[in-house]
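Asker: Here is what each chain is made of, one letter per residue.
Number of protein chains: 2
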Amino acid sequence: MKQVSSGPSQISVAELAKRARVASRQLAKLSNERRNEILTRAAKAIEENAERILEANARDCRPAGAAVAAGKMSASMFARLKLSSRGIEEMANRVRDVARLPDPLGRRLAATELDDHLVLYKETCPLGVIGIVFESRPDVVPQVAALALKSGNAVLLKGGAETAYTNQTLVEIWRHCFEGFPSVSAEAVELLHTRADVMELLKLERDVDLIIPRGSRELVDFVGQHSRVPVLGHGAGICHVYVDRAADLEKAIKITLDSKAQYPAACNAAETLLVHQEIAPEFLPRAISELTQAGVELRACPKTRALLKRPEMIRAEEVDWTTEYSDLILSIKTVSDLDDAIAHIHRYGSGHTETIITEDAQAAKLFMEEIDAAGVFHNASTRFADGFRYGLGAELGISTSKLHARGPVGLEGLTTYKYKLFGDGHTVAEYSSGARHFTHRASVE
Amino acid sequence: MKQVSSGPSQISVAELAKRARVASRQLAKLSNERRNEILTRAAKAIEENAERILEANARDCRPAGAAVAAGKMSASMFARLKLSSRGIEEMANRVRDVARLPDPLGRRLAATELDDHLVLYKETCPLGVIGIVFESRPDVVPQVAALALKSGNAVLLKGGAETAYTNQTLVEIWRHCFEGFPSVSAEAVELLHTRADVMELLKLERDVDLIIPRGSRELVDFVGQHSRVPVLGHGAGICHVYVDRAADLEKAIKITLDSKAQYPAACNAAETLLVHQEIAPEFLPRAISELTQAGVELRACPKTRALLKRPEMIRAEEVDWTTEYSDLILSIKTVSDLDDAIAHIHRYGSGHTETIITEDAQAAKLFMEEIDAAGVFHNASTRFADGFRYGLGAELGISTSKLHARGPVGLEGLTTYKYKLFGDGHTVAEYSSGARHFTHRASVE
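These protein sequence lines are chains A and B, in that order. Residue 604 in our numbering sits at position 398 of the first sequence, and the numbers go up by one each step. Residue 422 in our numbering sits at position 216 of the second sequence, and the numbers go up by one each step.
I should point out that these hints are in silico values taken from the structure, not numbers from a laboratory. Mixed in with the good hints there might be a few duds.
Copies of the same chain look alike in the list, so a pair counts if it fits in one copy or across any two.
[Stated by the list, open to error] Capping the alpha-carbon separation at 20 Å, the derived lysine-lysine pairs in PhoX-like fashion look like this: (1) LYS235 with LYS328; (2) LYS328 with LYS571; (3) LYS235 with LYS224; (4) LYS235 with LYS571; (5) LYS288 with LYS278; (6) LYS515 with LYS457.
Computed from a predicted model, the values in this text were never measured in an experiment.
The following block holds chain A by itself, in its conformation from the complex (with noise of 0.2 Å):
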């Protein structure tokens, strides 16, 4: 029987993530089918675990009760780390699901017959190491852990402290499925214990290829000033729906509401409005009203205030524009037309999702073709900004950086890819001396 202990407090976090570049390497080895049935294997671990899994989490919950108690902590945070059966059961069955998803690796990306016998491949493989450091949820674990074993990575979770019972629990309940597969060490799933873990881990460029914060805005901005690994997380989600003079009211209405208010939290909703100054008489009063009913807070710029005649309203100061409330709040802007619109969006936007409400075949057109963002919707909501509902099948978060992932990041995300070059005895002599000369042809096969 393998070490399962994952008490690593006398090891460093180098060294686990030595090991873990180790075991990235065993891991990358294994045929689909082979990680699928580790996934399966850890599913039914999970449910089997349930009662462990539960008493660890109720030991979590009762400093955390307390906290709510004493109004040290809220209660949606309290909710959101306190485990049910049911929840359980919806944690084995996320990691079937990704059981089920098609195999990011050795996906064929191109080829190229550079010559005679001296064919190119490019194609998908691990990224190796995965940090990730999140905040709370204990469900983070089995999910991460499933899809970093689906693409072949090894991966050092840190989570909050508030869960530490849970996730070791859940760490040791994987690092169990290992056994049984002697080719793979159960080094492939590591949980880190404290602040300085993270620190250190931040640093180590050479073993860990990637990090994943998942959290909260202070753990996002804390992780990306101080890692010298890469990060894929997102910034700030500062969403825009842009109602233009074309639009149709009532999908106008529909979207708005639905991008500020059908879950206010997500980083895909939407946080300012901006009306073209022709269709806000019509469509402002009624936005408005709407909206109020929804329990949406306004705050308007003086032309819309102007224009309604409500100098009642709550004025919006240049920090909305910029302010991800995450929250039943909503800015509102008149604009002169579809430039000033881009305009605002491109010097407030955070490159998340904007959308465009128009039957206007050509402004939406000039709306997708100029904004700068991971999404540009057209008539839709920006709620639909997600992996799951993209048909990723998964989602580790959604990045605003342009570089390797933009947008919602699935599998892929944890994949890179490597050039295969087959030859027989080819020197690049023979060409340099024009003796001969590359075909560059797409290779079908």
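Please build the complex by placing chain B on the supplied structure of chain A, with the hints as guidance.
Answerer: For chain B alone, coordinates are given in the frame of chain A:
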């Protein structure tokens, strides 16, 4: 006539980057035809201004020539900065080559029907603003300006002080070409002048999307350590040739010679030869004889020296396995088997390019699967790792990073993608409530 002065000493780099951002949004709107028109015009302008460029270059060469005479600059560096009429013609032709490349923008990477009248596209688009920091070779200016323009990106260039006049002249000529294209500002191409400018550039993560350092290891390392902007650039090129037990001797000798000696200064040249112990007695004496004839200095591990009974051979020390000689020097290690070779490569390699010489398909497959590097080759010289040889049509550099771009990077490395979602009033609430269901069909259109 637009302002074409590129003496921005009074304007801050932050301000130049902001203007470049605005210009990049103009560039992103240009059709491929229009971008090619500017490129063709630039190629012609380079030819027409050959004399002016040569004059500027002569001004740069005077102090450089004196530096060579005083032993303060190498003759090879002087050769790199000195331009000839023929060199200028070649510059112009390479710009025309870039115009002929396929359009890297608007390529559809995926299309998914999420539901009726709700279709998602993933399409390539420009990164935005690219910073290039390079040394000596002034032909970098038209080359990267052309690649940036072709891919719809604005560019901030900082060249070496040795070619300040040449660079300045080339940038002025290039910027003149934007006249007659009133929709694009000449601020799409700017020259920076000082090391302090570079330090400022590396901090502008909001307005600069990517930094590409081109030059010495010191330059690449400096930029990597100080940049808050993502950096595209290769680290060391510690490439290996592994001659397997089942190698064809002729191919092994040919490929070893080519990998080391065809152009030893290149990053894809081999630094270490790994030889299976069973083939070493037959292979090594012939290989050593040919390598020595080609002027290659050899440094051997103890096992190799013992096996060859040549104690007078220079002994390879630990540092030899991690040194990119960039010269006619090769370290040799006799390994016990394929696994030993793979372990050595993973321990000391830089993830650049690794090749196995063998007639054993199973050994080749293992090597190609297991080696974690940008390029894994079978029976081919490491020197094939190159954007032109790969058929990418252009090369911005070779990346040993696993994120965004790996291996030789072509125009694709200057692009990102965005998701375009076309709906008809769709809201997420309809799907959350179960009133509608996603279809997630791969779309053909």
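Asker: Now tell me if each hint is right for this structure.
Answerer: To see whether the hints hold, each was checked on the structure:
no.	hint	in the structure
1	LYS235 with LYS328	within (18 Å within a copy, 30 Å between copies)
2	LYS328 with LYS571	between (33 Å within a copy, 15 Å between copies)
3	LYS235 with LYS224	within (18 Å within a copy, 47 Å between copies)
4	LYS235 with LYS571	between (45 Å within a copy, 11 Å between copies)
5	LYS288 with LYS278	within (16 Å within a copy, 69 Å between copies)
6	LYS515 with LYS457	neither (25 Å within a copy, 84 Å between copies)
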